[in-house]
Amino acid sequence: MYTCGVDVGSVSTEIVLLNSKNNKIESYVIASTGSDSKNAARAAFENSLGRAGIKSNEIKTIVATGYGRVNVPFADKNITEISCHGRGAASLFPDLKTVIDIGGQDSKIIKLEDGNPVDFLMNDKCAAGTGRFLEVMAGALEVDLEEFATIFINTDEKVDITSTCTVFAESEIVSLIGHGVDKNKIIKGLIYSITDRIISMVERVGLEEPVCMTGGVAKNLGVVKAMEEKLGTKIYIPDEPQITGALGAAYLARKID
Amino acid sequence: MSIKDSVKTSIKRNLSQRYIKRLLGIISAKPLLYAYGSTFQSAADKYLNIFTIESLKKAYSDNNRPVGYGSIFLPYELFHALGITPLLPEVMAGFMAALELAPRTLEEASSNWYPRDLCTFHRSVSGAIELDLLPEPDFIITTNLACDAAQKSFYIDSIKYNIENNFYMIDVPYHFSKRSLSYLTGQIKKVYYDICSKTGAEPDPDRFKEVIKLSNEFRKWAIKVNNLRKVIADYPPYYNGLNFILPFHGLAGTREAVTLYRKMYEEFKEYPNKKDTSGGPAGDKLDKEKNIKRILWLHLKPYYRNEIFDILNSENCRVVFEEMNYVYWPELDPERPFESAAKKMLSHFLAGSIERRVSMILKSAKEYKADGAILFSHWGCRQSNGGARIIKDSLKKINIPTLILDGDCVDKNNSSQGQIKTRLQGFIEILKS
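If you read the sequences in order, they're chains A and B. The opening position of the first sequence corresponds to residue 64 in the working numbering, with each subsequent residue numbered one higher. The opening position of the second sequence corresponds to residue 7 in the working numbering, with each subsequent residue numbered one higher.
So here's chain A without its partners, still in its complex pose (with noise of 0.2 Å):
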């Protein structure tokens, strides 16, 4: 028997499907959300069924979770990201304390005690610091986002980004590239301006090791760096940060009858 998790996010949505009797991922879909979240999370369900070869009715029970949990008619619960990124990031590290994770919109910092969360923080009213806000800035510069960690490892100084708005902070670069200022300067300091941000929210809940990095901007090395370096700590990254929040989603449905 299998269960299903769906994450339906502001930018991306995940499905996994678990197999109940070895905790084998059977498979995952990334897809993009649109502007249709409703059928973007039918249409990856039915993908990921097809990747496993699985039919519907041998999925037990499915849960949703991510902002548009609300809205997918065909889960048996929603349960919210909190839980559920917390559950499924301790599936894949079974001792760790803290889960970061940056969405498309959101970004959590969620603490975990015998892998429940027990706290959590999140950002409100502005999404900078997240990747929507990446996504912004990458294509102010014109450079390709895969390539913001190769730049912020081999870049030794950089630019300070002094607003937080996205809209603001997208001016502030096209008036810096204006100036002549070199671009890789701008992305090393635009990345150490959304790890200051988490940084802060990290120290609210109170940072405690093992530490993993989950959601879409956990792919980004460079800003992985830069979070360990200013936190000192390790942060370990599943191999596909992505899925963590349907990852748990999937195994917190084994507990609905």
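For the record, the hints were derived by calculation from the structure and aren't laboratory data. The reader is advised that the hints may include incorrect statements.
To be verified - Result set (SDA-like, lysine to any residue): computed pairs, CA atoms no more than 20 Å apart in a straight line:
(1) B/K438 - A/E271
(2) A/K318 - B/P407
(3) B/K403 - A/R267
(4) B/K402 - A/K101
(5) A/K101 - B/G424
(6) A/K160 - B/K196
(7) B/K280 - B/E262
(8) A/K160 - B/I406
(9) B/K403 - A/E271
(10) B/K438 - A/D139
(11) A/K160 - B/K398
(12) B/K427 - A/E121
(13) A/K318 - B/N297
(14) A/K160 - B/P407
(15) A/K221 - A/A203
(16) A/K140 - B/K196
(17) B/K402 - A/L184
Position chain B relative to chain A; hints supplied.
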């Protein structure tokens, strides 16, 4: 359309003081008032709402003078001893939020240079004053107890109404001592006699004594209500302790407050028994059976339509106590009314160090057997938000998790309902895990 929705729609369409007066005149007519009252399922809520309409009508009436504005942390026994009809602008901001008028009043305040980081209770009131929606006051009394925005914005309001000479700011000392009690008593006495001389009223210490006696009576019933809440978690439908800010503060010293809290006590006492079909004792037994999660609520709530309490109820979580309903003052001495009013102010858990508030919260968490605490962090309210970390850490030491829920009590556009829902549900999941 319900009476409440009709009132909301018609005020929004005809936003003026003249129309509000007319509407209060219509709705306070006995048959309509009772029809309106019947829309409330809780007897305490019904009494509160009927009384609120009657007292608003009084405050808006041209024939009823003097009217005094007062900030929330004052001893309202002073107003009732002076025969001043109190109007609590902060409570009015709550009403305006509920009536969906706040977007308009806040917009007006913003157009008149009231800064965005000023608490929206005060900003909304200032906007309403700019729009001439509130009855003109004869006096404004405020205090520096806890709230920094009230003393400043109320002073600006006094300039607007051209009553700067009738503006009083009561300075509450940081520490409770004999000297500070005497200093504060002196100020209250001065305000009392100054207002008497301005209104031409004969000072009536006997009336003040009677008011203090009624205040003690109200206190007695409020304590009885609170003691009952320590053992029950099942309330009449739609009861919300955060709806009783006006009577708890503004009606202290009146017969109405006594009646209201007595009714509330009787209703609470009866309610679980009514629901317990086995005929056995209710209270703890019911709590256990239903596995209710008991929540201690800190600070206020959003007063516009929101999902917070529906989510809590649907998840079997009950707010078992609100810090705003904590009876913080001792029984007062009717023979020393001025000193009693001063003692009440100095006893407030928000006066002085944060340690006083923390100690009250820890005591309440234990007494009300809280499983978790929610601090609604109202935008711009420094006196409440400033202590959030210390409160959260202190509750953690006694194994009570705390959710700091960022939001706005008045401005629905200043927080996202979706984000609030996720935080709230995430916290509930932690409580249940």
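How the hints compare with the structure:
The straight-line distance between the Cα atoms of B/K438 and A/E271 is roughly 23 Å, outside the 20 Å bound, and the hint therefore fails. Between A/K318 and B/P407 the CA atoms are separated by roughly 24 Å; this puts the pair beyond 20 Å, and the hint is violated. Taken as a hint, the B/K403 and A/R267 pair is honoured in the structure, with Cα atoms around 16 Å apart against an allowance of 20 Å. For the suggested pair B/K402 and A/K101, the alpha carbons sit about 39 Å apart, so the restraint of at most 20 Å is broken.
For the suggested pair A/K101 and B/G424, the alpha carbons sit about 17 Å apart, so the restraint of at most 20 Å is met. Using a Cα cut-off of 20 Å, the hinted pair A/K160 and B/K196 is violated, with the two alpha carbons roughly 59 Å apart. Restraint check for B/K280 and B/E262: the C-alpha separation of about 26 Å exceeds 20 Å, so the hint is violated. Distance hint between A/K160 and B/I406 is fulfilled; the C-alpha atoms sit about 19 Å from each other, no more than 20 Å.
Of the pairs offered as hints, the one joining B/K403 and A/E271 holds, with about 17 Å between alpha carbons and a cut-off of 20 Å not exceeded. Annotation: proposed proximity of B/K438 to A/D139 holds, straight-line Cα distance about 19 Å (limit 20 Å). Between the alpha carbons of A/K160 and B/K398 the distance comes to roughly 19 Å, so the proposed pair stays at or under 20 Å and holds. With a C-alpha separation of about 32 Å, the suggested pair B/K427 and A/E121 falls outside the 20 Å cut-off, and the hint is violated.
Among the hinted pairs, A/K318 with B/N297 is consistent with the structure: their alpha-carbon atoms are about 19 Å apart, no more than 20 Å. The hinted pair formed by A/K160 and B/P407 meets the criterion: a straight-line CA distance of about 17 Å does not exceed 20 Å. Of the supplied pair hints, the one linking A/K221 and A/A203 holds, its CA atoms being roughly 17 Å apart against a limit of 20 Å. The straight-line distance between the Cα atoms of A/K140 and B/K196 is roughly 63 Å, outside the 20 Å bound, and the hint therefore fails.
Pair hint B/K402 plus A/L184 holds up; C-alpha atoms about 15 Å apart against a cutoff of 20 Å.
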